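Chains F and V supply the protein sequences, listed in that same order.
Residues 1272 to 1481 (this note's numbering) are what the first sequence spells out, left to right.
Residues 2 to 346 (this note's numbering) are what the second sequence spells out, left to right.
Source of the hints: derived by calculation from the structure; they are not laboratory data.
Please note: incorrect hints may appear among the correct ones.
What the hints assert, rightly or not - Just the calculated beta-carbon pair ranges, DEER-fashion: (1) F:K1402 - V:G44: 22 to 32 Å; (2) V:R216 - F:R1310: 52 to 62 Å; (3) V:R103 - F:K1410: 17 to 27 Å; (4) F:A1375 - V:K77: 49 to 59 Å; (5) F:R1285 - V:K164: 30 to 40 Å; (6) V:L168 - F:R1289: 22 to 32 Å; (7) F:R1285 - V:E252: 38 to 48 Å; (8) F:R1481 - V:E239: 33 to 43 Å; (9) F:T1436 - V:E252: 39 to 49 Å; (10) V:R216 - F:A1474: 28 to 38 Å; (11) V:E99 - F:K1401: 22 to 32 Å.
Bear in mind the structure is a predicted one, so any value in this text is a computation, not a measurement.
Think of the CB as a built atom: it goes at the ideal place given N, C-alpha and C, for glycine as much as any other residue.
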Amino acid sequence: MTDGFINVALPKGRLGDRVYGIFERAGYGCPEIQIKNRRLIFESGQNRVRYFWVKPSDVAIYVEKGAADVGVAGKDILLEYRPDVYELCDLKEGRCRMAVAARADYQDDSSVSLRVATKFPNIAKRHFAKKSREIEIIKLNGSIELAPLLGLSDVIVDIVETGATLKENGLAVVEDIVDISARFISNKASFGFMQDKILQMSAQIREVCR
Amino acid sequence: MTIDKSELLFSERAVFELRSLYLRAGYRRYKVSKFEEYDLYAGNKSFLTDGRVLTFTDTDGRLMALKPDITLSIIKNTARDEKLRRVFYNECVYRADEGGFRELTQTGLECIGALDDYSVCEVAYLAYKSLEILSKDFILDLNHMGFAAALLEEVTRDPKLQKRLLLSINAKSGDAVSAICKDAGLEGGALTSLCSLYGKPDDVIPKARALVKNRAQEDALSSLLLVINALKGCGMSENLRVDLSMINDAEYYSALVFRGFIKGISQTVLSGGRYDSLLAKMGREQGAIGFAVYLDGLDRLFHTESRAEPARLTYTAKDAPEKVLYDMNGLMARGAVTVERQKDD
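Required output: the full structure, derived from the provided sequences and hints.
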């Protein structure tokens, strides 16, 4: 779509609603987006912007492949998939951290390889490779906390927001890996062709997220 | 033999036009075989876009690969004392993506040997011209990696930290750069500004000058300006952009790097640069610069104009074959034709 509109991929869900709020305050409102219906694409002719909601973990793909010029993706996704995009601005929204967690009574036994359950195999591999620790990855798609409780894994690598879920399940953070928050990202070709528009959007978003 | 150009796919036409451009510039066609010994790639995995290589065992037991890249083969087959070798190629390469291995068409050129300022300008000129052949709406991003490297040296000498910072600079993530610097207790103001130095040369170069802190940065900037001004002299400035935060793998690339985009295609269409470091790694003292053009996405964007409806010729079991062929021959002289047998009743 090369019609002068900026195509924006937003992550569906709670974070997405907050992120849209930021875009609206930054001057990129699109009233029809708030009408609850089954439509997937929303336009504001006045602000020359077109939004679509996609699964949070897919935002980076839409932007990398150019279906969206820009989008908002969690740093966790960017670290896991390393898409070839520009990361223009930290929205400081959806803050949490990527951490290693285990049962509260967990003792590391370095004589055997560590079993790590996670949704983020690449982040986990890189983290433990830095420490030269041999690991075995168990890739799960949800309810990661269950793995150490059932003996499926020794530790988990997952996103920790408040730590409440961990605590309720008798788990605790062993170490932090990296801080996570939502980032405003851009397709590289779109950035080249729409530099002024995208930079202006980025600057106005930054202003709101201060 | 006559060729009706309108019968060609866009990418096929582009290959002809690029070839003609490179031949006129004095580059010689380089034809390679599809296979190469795997060893060549094993030592230079990160030079490849993707480390995965399609391999097989040859009849004599050697581990072979379907070429994932042409540049390494050209270097391997260039004499160590070659003064200046100018070659271009149009070959298939085999690369993996999520769907498995794919055959891609790649066109490109390399200039290897005793490079001087002129040869660098010449290759940048041909990169610009190549994009111009593909589309009116294109951009050529240029950078001299020495600028960021020298600025980084001013901030920190810790190689691990430098590597992390370079990754963030390449992602134009000023926020990440300033966060890393803050954590490490470094003054990161200039590096953060570097992330936003993108745009037309006349806008960016003055801002870049304000960040110059040492001789190496000054040299990098004047090398970059030399190329920009040389292109300008040929009336080629409209589509040029300077991108001071574009960082290619420092293990291979060192000085001028460039990258081209075409409106409507979200992937890089042209990429390359000066890769003296790769040659040094391969134990050579020569310089080298080149680029590759990826033509695969183009056919989807530029459909060849639909041609006139072909003439229809139908026949039945009763028609004599030699009569049908005679009619078909007559129609074909005037244009396309489809021949169909009618149902026998």
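Structure-based check of each hint:
1. F:K1402 - V:G44: 22 to 32 Å: Cβ of F:K1402 to Cβ of V:G44: about 27 Å, so the range 22 to 32 Å holds.
2. V:R216 - F:R1310: 52 to 62 Å: For F:R1310 against V:R216, whose Cβ atoms are near 58 Å apart, the range 52 to 62 Å holds.
3. V:R103 - F:K1410: 17 to 27 Å: 25 Å Cβ-Cβ, so the 17 to 27 Å window holds.
4. F:A1375 - V:K77: 49 to 59 Å: Given about 57 Å between the Cβ atoms, the range holds.
5. F:R1285 - V:K164: 30 to 40 Å: Since the Cβ atoms of F:R1285 and V:K164 sit about 35 Å apart, the hinted range of 30 to 40 Å holds.
6. V:L168 - F:R1289: 22 to 32 Å: holds (28 Å)
7. F:R1285 - V:E252: 38 to 48 Å: Holds: the Cβ-Cβ distance is about 42 Å, inside 38 to 48 Å.
8. F:R1481 - V:E239: 33 to 43 Å: holds (36 Å)
9. F:T1436 - V:E252: 39 to 49 Å: Holds, since F:T1436 and V:E252 (Cβ atoms, about 42 Å apart) stay within the stated range.
10. V:R216 - F:A1474: 28 to 38 Å: holds (33 Å)
11. V:E99 - F:K1401: 22 to 32 Å: Given about 26 Å between the Cβ atoms, the range holds.
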